[in-house]
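Protein chains: 2
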Amino acid sequence: MTRYEKKIYEIINSSYDHMTAEDVFAELKKAFPSVSLATVYNNLNKLCDTGLIRRISCGDSADRYDRTARHDHLVCRKCGKLADITFDDITQPLKSRLGEDFLYYDLKVYYICPECRKKG
Amino acid sequence: MTRYEKKIYEIINSSYDHMTAEDVFAELKKAFPSVSLATVYNNLNKLCDTGLIRRISCGDSADRYDRTARHDHLVCRKCGKLADITFDDITQPLKSRLGEDFLYYDLKVYYICPECRKKG
DNA sequence: TAATAATATTAGAATAATTCTAAATTTAAG
DNA sequence: CTTAAATTTAGAATTATTCTAATATTATTA
Numbered sequence: 001m002t003r004y005e006k007k008i009y010e011i012i013n014s015s016y017d018h019m020t021a022e023d024v025f026a027e028l029k030k031a032f033p034s035v036s037l038a039t040v041y042n043n044l045n046k047l048c049d050t051g052l053i054r055r056i057s058c059g060d061s062a063d064r065y066d067r068t069a070r071h072d073h074l075v076c077r078k079c080g081k082l083a084d085i086t087f088d089d090i091t092q093p094l095k096s097r098l099g100e101d102f103l104y105y106d107l108k109v110y111y112i113c114p115e116c117r118k119k120g
Numbered sequence: 001m002t003r004y005e006k007k008i009y010e011i012i013n014s015s016y017d018h019m020t021a022e023d024v025f026a027e028l029k030k031a032f033p034s035v036s037l038a039t040v041y042n043n044l045n046k047l048c049d050t051g052l053i054r055r056i057s058c059g060d061s062a063d064r065y066d067r068t069a070r071h072d073h074l075v076c077r078k079c080g081k082l083a084d085i086t087f088d089d090i091t092q093p094l095k096s097r098l099g100e101d102f103l104y105y106d107l108k109v110y111y112i113c114p115e116c117r118k119k120g
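Listed in order, the protein sequences are those of chains F and W.
Quick note on numbering: my numbering labels position 10 of the first sequence as 10, and the sequence is numbered without any gaps.
Quick note on numbering: my numbering labels position 95 of the second sequence as 95, and the sequence is numbered without any gaps.
Just so you know, the hints here were simulated from the structure itself, not pulled from any lab data.
Keep in mind that the hints are not guaranteed to be accurate.
Derived coverage of chain F by chain W (criterion: at least 3 residues anywhere in the stretch with Cβ under 8 Å from a Cβ of chain W; other residues may be distant) [said to hold, decoys possible]:
#, segment
1, 21–27
2, 52–59
3, 91–98
All figures in this text were calculated on a predicted structure; none of them were measured in a lab.
Cβ atoms here follow ideal geometry from the backbone N, Cα and C, with glycine treated the same way.
Using the sequences and the hints, build the whole thing.
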């Protein structure tokens with residue numbers, strides 16, 4: 001692991017935000033002012049490939065990156081905002097169906113967030 | 001519903017592929033040769049907003065569109081290919097936790113597909 | 001009908017996220 | 001050290017999608 005890869009991993013894993021590549025770039029610059037955006041993308045891709053972080057694609061904007069510690073996501077269908085939530089772990093039924101090929105799962109639950117609910 | 005919206009809805013709902021906007025465009029052109037790509041995007045967005053179809057964002061390429069009939073997805077983490085699968089419906093626990101704000105959920109299960117497994 | 005308003009479509013420009021390229025730098029290995 | 005391999009870099013290129021503003025279609029009402 002290079003210093004950049006390591007630091008990016010730390011940034012993602014110590015954050016409860018759902019950071020975009022630009023967010024990570026801004027954060028990484030604090031430690032390494034001369035780092036380039038391409039390096040951020042390179043390392044985010046590498047970390048996703050090795051399964052150390054995960055990508056959350058929501059369609060309407062830039063991809064976000066998240067720690068892998070088991071949790072699910074709420075997505076507001078009005079404003080698109082993401083929130084963490086943890087539902088019961090459903091690994092077992094998936095694993096028993098897919099066997100060793102199973103890696104992990106990603107559960108997004110769509111809802112109307114409190115703010116949007118208020119606005120009507 | 002306009003003729004385009006209606007036809008796009010039909011295309012998505014009668015397909016078991018996971019079509020991109022370009023795929024839909026190509027298909028729609030068979031019925032309406034002069035239609036434009038912007039119309040496809042407009043109507044795909046409208047159909048997603050009203051919940052008549054759903055968007056599947058996988059991060060590494062263009063968004064895909066899918067019928068809403070209850071089913072889940074397998075995603076190969078090597079090649080990214082999508083496949084349909086249906087696991088037990090977990091609506092109830094989600095609904096009992098979120099109440100009326102709950103809309104629907106989207107479950108992606110990551111695995112290594114048979115082809116990539118073969119290649120090693 | 002005809003007139004008006006509202007909505008949808010269009011082509012192409014604009015934008016934004018991400019990847020690519022090829023050179024330069026850093027790290028690792030012999 | 002020297003060489004090879006991997007990483008980083010800046011900026012160009014690509015790609016998906018949205019935006020714009022003009023045109024066409026559809027719906028509404030007189």
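Each hint, compared with the structure:
{"no.": "1", "hint": "21–27", "result": "violated (count 0)"}
{"no.": "2", "hint": "52–59", "result": "holds (count 4)"}
{"no.": "3", "hint": "91–98", "result": "holds (count 4)"}
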